[in-house]
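The listed protein sequences derive, respectively, from chains Y and W.
Once you know that position 1 of the first sequence is 0 in numbering that gives the first Met the number 0, the rest is easy, because the numbers rise by one and skip nothing.
Once you know that position 460 of the second sequence is 459 in numbering that gives the first Met the number 0, the rest is easy, because the numbers rise by one and skip nothing.
FYI, nobody ran anything at the bench for these hints, they're computed from the structure.
Backbone N, C-alpha and C define an ideal beta-carbon position, used for all residues, glycine too.
A few of these clues could be false.
Unchecked claim - List time: in silico DSBU-like cross-link candidates among lysine-lysine, alpha-carbon distance up to 35 angstroms: (1) Y:LYS384 - W:LYS399; (2) Y:LYS399 - W:LYS532; (3) W:LYS43 - Y:LYS176; (4) W:LYS163 - Y:LYS200; (5) W:LYS392 - Y:LYS412; (6) Y:LYS361 - Y:LYS487; (7) W:LYS507 - Y:LYS129; (8) W:LYS176 - Y:LYS507; (9) W:LYS492 - Y:LYS212; (10) Y:LYS212 - W:LYS212; (11) W:LYS319 - Y:LYS384; (12) W:LYS412 - Y:LYS391; (13) Y:LYS384 - W:LYS384; (14) W:LYS399 - Y:LYS392; (15) Y:LYS163 - W:LYS532; (16) W:LYS532 - Y:LYS79; (17) Y:LYS319 - Y:LYS143; (18) Y:LYS384 - W:LYS134; (19) Y:LYS392 - W:LYS507; (20) Y:LYS416 - Y:LYS487; (21) Y:LYS129 - W:LYS32; (22) W:LYS163 - Y:LYS532; (23) Y:LYS366 - W:LYS384; (24) W:LYS384 - Y:LYS392; (25) Y:LYS412 - W:LYS391; (26) W:LYS43 - W:LYS361; (27) W:LYS212 - Y:LYS366.
To be verified - Sample of chain W residues lacking proximity to chain Y, with all beta carbon distances greater than 10 angstroms (derived): (28) PRO7; (29) GLU106; (30) ARG117; (31) ALA141; (32) VAL278; (33) PHE332; (34) GLY333; (35) VAL359; (36) GLU421; (37) GLU533.
There are 2 protein chains.
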Amino acid sequence: MAKSRFQPAWTEVAPAPDSLRSIVKYGDPNGFKHPSHGWYDMMKEEFGMTDADFQKKIEEGNEKIVLNRTVNLSSALIEKLQTIVGKENVAVDDYSRVRYAYGKTTEEAMELRKGIIREVADAVVHPRDKEDVRKIVALCAAEKIPVYVFAAGSSVNFGCRPTKGGITLVLSTHMNKLLEINELNQTARCQPGLFGPAYEKALNNAPELFGTKRRYTCGHFPQSFEYSTVGGWVVTLGSGQESTYYGDAYDIVFSQEYVTPVGSFKTLDYPGTATGPKVNDIMKGNEGTYGILVEVTMKIFRHQPENTRYFSFMFPTWEKAVEASREIMQGEFGKPAVYRISDPEETDRGLKLYGMPGIVDKFLIAKGFKPMERSLCLGSIKGDKSYTEFVKKNIRRIAKSYGAIYLSEYPGKKWEKTRFTEPYMREDLQDFGIQIDTLETGVSWADLHRVHESVRAFMKTRPRTMCMTHASHFYPQGTNLYFIFITKTTDVKDFQDFQRGIIDSIQKNGGSLSHHHGVGKMIGPWMEKHLGKEQMAVLRALKNHFDPDGIMNPGGQLGL
Amino acid sequence: MAKSRFQPAWTEVAPAPDSLRSIVKYGDPNGFKHPSHGWYDMMKEEFGMTDADFQKKIEEGNEKIVLNRTVNLSSALIEKLQTIVGKENVAVDDYSRVRYAYGKTTEEAMELRKGIIREVADAVVHPRDKEDVRKIVALCAAEKIPVYVFAAGSSVNFGCRPTKGGITLVLSTHMNKLLEINELNQTARCQPGLFGPAYEKALNNAPELFGTKRRYTCGHFPQSFEYSTVGGWVVTLGSGQESTYYGDAYDIVFSQEYVTPVGSFKTLDYPGTATGPKVNDIMKGNEGTYGILVEVTMKIFRHQPENTRYFSFMFPTWEKAVEASREIMQGEFGKPAVYRISDPEETDRGLKLYGMPGIVDKFLIAKGFKPMERSLCLGSIKGDKSYTEFVKKNIRRIAKSYGAIYLSEYPGKKWEKTRFTEPYMREDLQDFGIQIDTLETGVSWADLHRVHESVRAFMKTRPRTMCMTHASHFYPQGTNLYFIFITKTTDVKDFQDFQRGIIDSIQKNGGSLSHHHGVGKMIGPWMEKHLGKEQMAVLRALKNHFDPDGIMNPGGQLGL
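So that you can see chain Y by itself, here it is in the shape it has in the complex (with noise of 0.2 angstroms):
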């Protein structure tokens, strides 16, 4: 039967340099991952489609941009840009100015891939270092000039859209190394522009490149991992896949050096003071609103792969896999790296995706674990070879006592192998009209429950659309709920609409407005709603202190 199937003829070639398209995909031009089998039948079931649907793309975007705007600068500003940064830093051209004013919201590549391109910077600027950053906005403080920062571009929130026009500046070119590691102090220096993958690369390759005795890792490895940057983590307040571990990037900065319009300055490296309310931690999520971040020195972790341990289980229900994980996170003997439990439809359609073996869901259903019911767990542990065997073998235990069966080390480890390459798919997904998106927020364990039933049960009231929630960052006190949801349409005001209600539902429930995207310009409409006007005007208090004339990313960025 598979020999024969319709196999729809996923795109397999990267898009043109110049094209729209180039701007939609996400991640490496080359790289790809389309749609399982599993994927493709649950789409064209869920949608009522069929082979016939998948035999022609619609608004690949393959067009060549064309922008026909005005450079809204003077020649003489961009002389003086040319000359604080040279003459090939500075770039006016259509393609960059487009290029760099976009992030990876679903909108924005439904809008490009139809023509429809929103607000660009009138230049895009690449500084070499930290001193053309400091000579840059001290003369677009002077001339009130709007200044934005693009690193590795995959925002989904319109971090990055220059909405006030004015400069970008693409911090990701030249400012993307590893200065110095601190091996006493188990710091690493490094600049913001520095990639993901550079960067855990460096520190793997430590002894080699910096003399240190031991390996190290980041310990940071969100999603966006290949495409984000050690800046962009700490200023949108990321968290990575293994954060139960680690830490959020809230946690793992040391000290931070910035630029603002009234001043550069660099936090001190302390493990702990008590002097006053913490202006490093101020700084952070800041999202360009108050300046930018030059330097930063993360903390770092041992790296010793080979200690890894793997697991997953089946719990019969979500309500047990929560209470299990509860237990877990409270029980005081350590902690998960990477741990993630399932609701039942995520589950039912993971399973199903993944390529479960008919005879495997069998049994399970004989043990009583139930399609749109059970929960599925997976997860590994990091640290001292000891310790992952001891919290291994206690996770087990607490699993157990709710009702979870254990799966082995295998979807744990398979998990991991394509953790990065998710968002890949979207361009086959959208190439047919189908939507995948996502939405995530902060919840305490008292308000998991609330949250989860009525966001789900919002979307849910759109007809035809998949919905899939998993919690996957971890705290004594609480966890994440990250929403997936999949829907047919290329009407960008219906899917706005859809979104925004998801947003107003996350919101009216108590969730936090995110957990881990930070706000940009999407949600900050919701900010003042959430945290309230004197909340707010804290927010606005530090922003009108660092940037009195406004051209730090304006355009209502945090709602600001």
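Guided by the hints, dock chain W onto chain Y, whose structure is given.
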């Protein structure tokens, strides 16, 4: 010999309730801890004193407090305050005005013993609840009256000193309850004036008091535990003696509710969120300069004292002790709760003071652990039963590999028994003109030895001065240094000059100005030099936002 030895007549009666000494004295009026024979002998030797010098106490401060200062508040305002909190909760008597103006610095005690009384508030107000605080702050904002806060009064940096008069709010009189335990979230909602012991007792007895399934612990045990409050821990950034495991006060705050001159707000209850700079963190450590903490939700932990494991080691040198400690903190197998290493002077004085038998000392020396080289390490481990065993095994393994000898559980257990009572000894010493005081700093591993050696060298420039140092709060990136100095003087200026010299030395050598005592008005003058003007400007911008008229703890707190 011991039978016939001279014994000073250490004070054994509570100070008269209206006396200066009642304010000088630390802790329970009927609580005493006298110097041991070892201590007594050491003081005589170090300071060239004889039994004759311990015959007559000096400057005991037994005089009744007489203030003779007018109340610089209109009777109309006093009436307004009385209307808000009730007549019985507004005090303008001399004793109240002095008592609630004082913390526990050595120089305050020295001055009070001489009858010198510094600035006091005009009125002392005991708010009954957060509504009272809201009304009082609104009234004081309207009338531009300074507002100070007093809770347990163990500040060691003039944190509560009402340098500008006005009113002092005492939060520990009525606002001292544990309001709610959320067992799912493992959090406790507290009023700010809740004392450490009452909090811990309520958590330990949560099943009986709150109907929880489990017993809990607060995890925060500063030396001032008995005379400190939950709110004080948070607004001054305290650290408990078990912070290496449980985290600093900063880390164990879940959310906070504040009253400020520009409005009241409660931060949101999320274990993790990526919604911009975190107001919950911005407020921590504000030391009453931005607003008043009126409620705080703290993370709590399982209370399982039966699982505690103790340990102690002797290292051949301080350097080896530091290296082993770094290995333990970076080892990724879990963390001890209490963990302390003493430098050689503290080690040897400690061995004498706590009466190590001569035979043990001979044994240690024979094994190569030489006086004024060796370094004592002691501690305990909390958590799940299997975890405490597991972590202890790993700590023993590492300590041994750095040349340490295991000294049994006894020193760790013995230390724990008296861990809150050390400050009681100060009265006895001061009765004979001897001052004992402490200063402390946060340091990275890379800076530890430089700061330790430089500050110690400075302290040793003063003749006849004992100087003991330990590290007691550990992180993967470093630790703290806690300097204890004992010197003979009753000259306040002489003492201040020495103390200020130490702070200077800490600052110049790159230590943080405080690891967990906070800044107050005493260390405030070093803040701008320490943080730099750009970062001080951030603290000032927040100050201007919350408190435009400068009524909240004015007079140099935090260097503002």
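Does the structure break any of the earlier hints, and which numbers would those be?
Of the numbered hints, 2, 3, 4, 9, 10, 17, 18, 19, 21, 32, 33, 34 and 37 do not hold.
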